[in-house]
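> Listed below, chain by chain, are the residues.
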Amino acid sequence: MSPEVISAPVVDTAKTPGRAHSRARAARRRKIVVGAARVLLLVAVLGLWEVLSRTEVIDPFNFSMPSKIWEQIQTWVMHGTALGPLGEQIWYTLHEALLGWIIGVVAGVLFGIALGRITLLADILGPYIKVLNSIPRIVLAPIFVIWFGLGPASKIASAVVLVFFPVFFNAFQGAREVDRNLVANARILGASDRRVTLQVVIPSATSWIFTSLHVSFGFALIGAIVGEYIGATKGIGLLVAQSQGTFNAAGVYAAMVILAVVALLAEGLLTFGERRIFRWKPSESDR
Amino acid sequence: MSTDTSPAIELRGASKIFKTPSGGLHTAVRELDLTVGRGEFVAVVGPTGCGKSTTLTLVSGLEEPTEGEVLVAGKPVAGVGDKVGFVFQQDATFPWRTVLSNVMAGPRFRGVPKAEAKERAREWLARVGLAAFEDRYPHQLSGGQRKRVALAATFVNDPEILLMDEPFSALDVQTRALMSDELLELWEGTGASVVFVTHDLEESIALADKVVVMTAGPATVKQVFDIDLPRPRKVESVRLEPRFIEIYREIWESLGEEVRITRERGAAHVA
Chain A
1 MSPEVISAPV VDTAKTPGRA HSRARAARRR KIVVGAARVL LLVAVLGLWE VLSRTEVIDP
61 FNFSMPSKIW EQIQTWVMHG TALGPLGEQI WYTLHEALLG WIIGVVAGVL FGIALGRITL
121 LADILGPYIK VLNSIPRIVL APIFVIWFGL GPASKIASAV VLVFFPVFFN AFQGAREVDR
181 NLVANARILG ASDRRVTLQV VIPSATSWIF TSLHVSFGFA LIGAIVGEYI GATKGIGLLV
241 AQSQGTFNAA GVYAAMVILA VVALLAEGLL TFGERRIFRW KPSESDR
Chain B
1001 MSTDTSPAIE LRGASKIFKT PSGGLHTAVR ELDLTVGRGE FVAVVGPTGC GKSTTLTLVS
1061 GLEEPTEGEV LVAGKPVAGV GDKVGFVFQQ DATFPWRTVL SNVMAGPRFR GVPKAEAKER
1121 AREWLARVGL AAFEDRYPHQ LSGGQRKRVA LAATFVNDPE ILLMDEPFSA LDVQTRALMS
1181 DELLELWEGT GASVVFVTHD LEESIALADK VVVMTAGPAT VKQVFDIDLP RPRKVESVRL
1241 EPRFIEIYRE IWESLGEEVR ITRERGAAHV A
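So the protein lines, in turn, are chains A and B. Mapping of the first sequence onto the working numbering: residues 1 to 287, in sequence order. Mapping of the second sequence onto the working numbering: residues 1001 to 1271, in sequence order.
Honestly, the hints are just simulated from the structure, not real lab data. In this text, a Cβ means the ideal position worked out from N, Cα and C, and glycines have one as well. There may be inaccurate statements among the hints.
Within a straight-line C-alpha distance of at most 30 Å, the following computed BS3-like cross-link-like pairs (lysine-lysine) qualify [said to hold, decoys possible]:
| hint | chain 1 | residue 1 | chain 2 | residue 2 |
| --- | --- | --- | --- | --- |
| 1 | A | K281 | B | K1118 |
| 2 | A | K281 | B | K1114 |
| 3 | B | K1222 | B | K1234 |
Quick look at which bits of chain A chain B covers, simulated, 3 or more residues with Cβ under 8 Å [as the list claims (entries may be wrong)]:
| hint | region |
| --- | --- |
| 4 | 216 to 226 |
| 5 | 245 to 251 |
| 6 | 269 to 282 |
Among chain A residues calculated to face chain B with C-beta under 8 Å, some are [as the list claims (entries may be wrong)]:
| hint | residue |
| --- | --- |
| 7 | N181 |
| 8 | L182 |
| 9 | A184 |
| 10 | R187 |
Model the full structure from these sequences, guided by the hints.
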């Protein structure tokens, strides 16, 4: 055998993994560029803010600056807030939002599925639901404080009214858009109306419902915060109100940062739960 | 049941009129008379969109006839009966259930205890050759495999009447022939009466004892042909027999005319 004959195929086989390798490297490089650009953008914005504020181009009293916000967060973490430990405030708000969210979601799903399945009910209640939905529901928050007092109940109530409608409309739509073939098939196979609802309509509406869950947890937080802002004894919303009352701009921003972190964590948990429930769905990469 | 001599399915002057979304009336089926004997395999052919599927929904009890009568085993149809199985044209497997759970659905809906339902489902999955796939979800299967799941899910209920609405039309040609053979094998063991709707004349002759030709919509029976090809049949080989070709020519003479009418109407619509 001559060496040329051997070397030719070797070059050929080496070529394909080489190409795959370079493609992987390009993908990795792109990831690094995107990540670096993100960090750079954040640093630039925060840096500009800090500089403008320090040189008093913008009023540091009104606009504060990142370093002060960071200090504020540190103080709250280390020494607690004027209302007590920071963890307690976060827990308070989170607990109100979570309860309101759960109640709103359960009610929204129940009503949505019921109205989606029972046309008569939908026809009767339809216009009222439209009217209720067109009310800017956040204005109910002060009324809830009057009704339910300064405790958690009023915040839970305002979270519920914010959460209910998006979940309701999605569940309703989901129940309406169930594949008619699946319903016909279930009925042929011997399913009663109740079985059709429980085992065909609800499972096929879950993807609709889940889309609304993401948005609605944010709404629950808004409801709780606004409720606290209007009147409360504890919570991040009150922290915002108090910081505002003492002209502490850094405090307002710090509370916002804390809220954003909390919301992101909750979103992550929800996505995790969704992946577990939707094991039966083809993932994007499968297609 | 053996003492009862009434035919499995009987349609007497059945009509079905739908309201269209624009408020008009659409007659899908008009004065249809059709009798299917016990254990008989009847194929219904007709031009596309002529109302063949509506005939099946009337027999299944999913829809009621506007006029006329539909009898199953001598009794008027009232709602979905428990003797009926239906294989749909589109995928109707439940995507959130595993293959095994899909096949168990029928018995479970009918109140069979879980263990027994599982046993029966496994048996039918083995018969359609999917025993190794019981934990998969439908999206992980091929179109042919999903159709097998649908067949198993239908047969597991021991239907006396099997309604099939172009069940294999979405499959590729080879898979289709294979599935047709499998269907014949599965059916021969059950003694069920079958109504098989298709627009494929070859498929209908290869499968059926009797081919019913429908008119262009609104559908009504135009002519009925007896297929005297011996059983058991193999779909791929039976269609090469001279008798098959003879029958094909004979039926096509009747069906071709209706297809032409439908096509001309379609052209008139476009113009």
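> Hint by hint, note whether the structure agrees.
Each hint, compared with the structure:
1. For the suggested pair A:K281 and B:K1118, the alpha carbons sit about 23 Å apart, so the restraint of at most 30 Å is met.
2. For the suggested pair A:K281 and B:K1114, the alpha carbons sit about 25 Å apart, so the restraint of at most 30 Å is met.
3. Among the hinted pairs, B:K1222 with B:K1234 is consistent with the structure: their alpha-carbon atoms are about 28 Å apart, no more than 30 Å.
4. Only residues whose beta carbon comes within less than 8 Å of a beta carbon in chain B count, and the region 216 to 226 of chain A has 0; fewer than three means the coverage is violated.
5. Under a criterion of three residues with beta carbons nearer than 8 Å to beta carbons of chain B, the stated coverage of the region 245 to 251 of chain A fails, only 0 such residues being counted.
6. Requiring three or more residues with a Cβ within less than 8 Å of a Cβ of chain B, the coverage given for the region 269 to 282 of chain A holds, as 4 such residues are present.
7. Of the supplied interface hints, the one on A:N181 holds, with its beta-carbon coming within about 5 Å of a beta-carbon of chain B, less than 8 Å.
8. Residue-level restraint check for A:L182 holds (minimum Cβ-Cβ distance to chain B is 6 Å; threshold 8 Å).
9. Interface hint status for A:A184: upheld, as the beta-carbon distance to the closest one in chain B is roughly 6 Å, under 8 Å.
10. The interface hint given for A:R187 holds, since its Cβ lies 5 Å from the closest Cβ of chain B, which is under the 8 Å cut-off.
The structure is inconsistent with the numbered hints 4, 5, although it conforms to all the rest.
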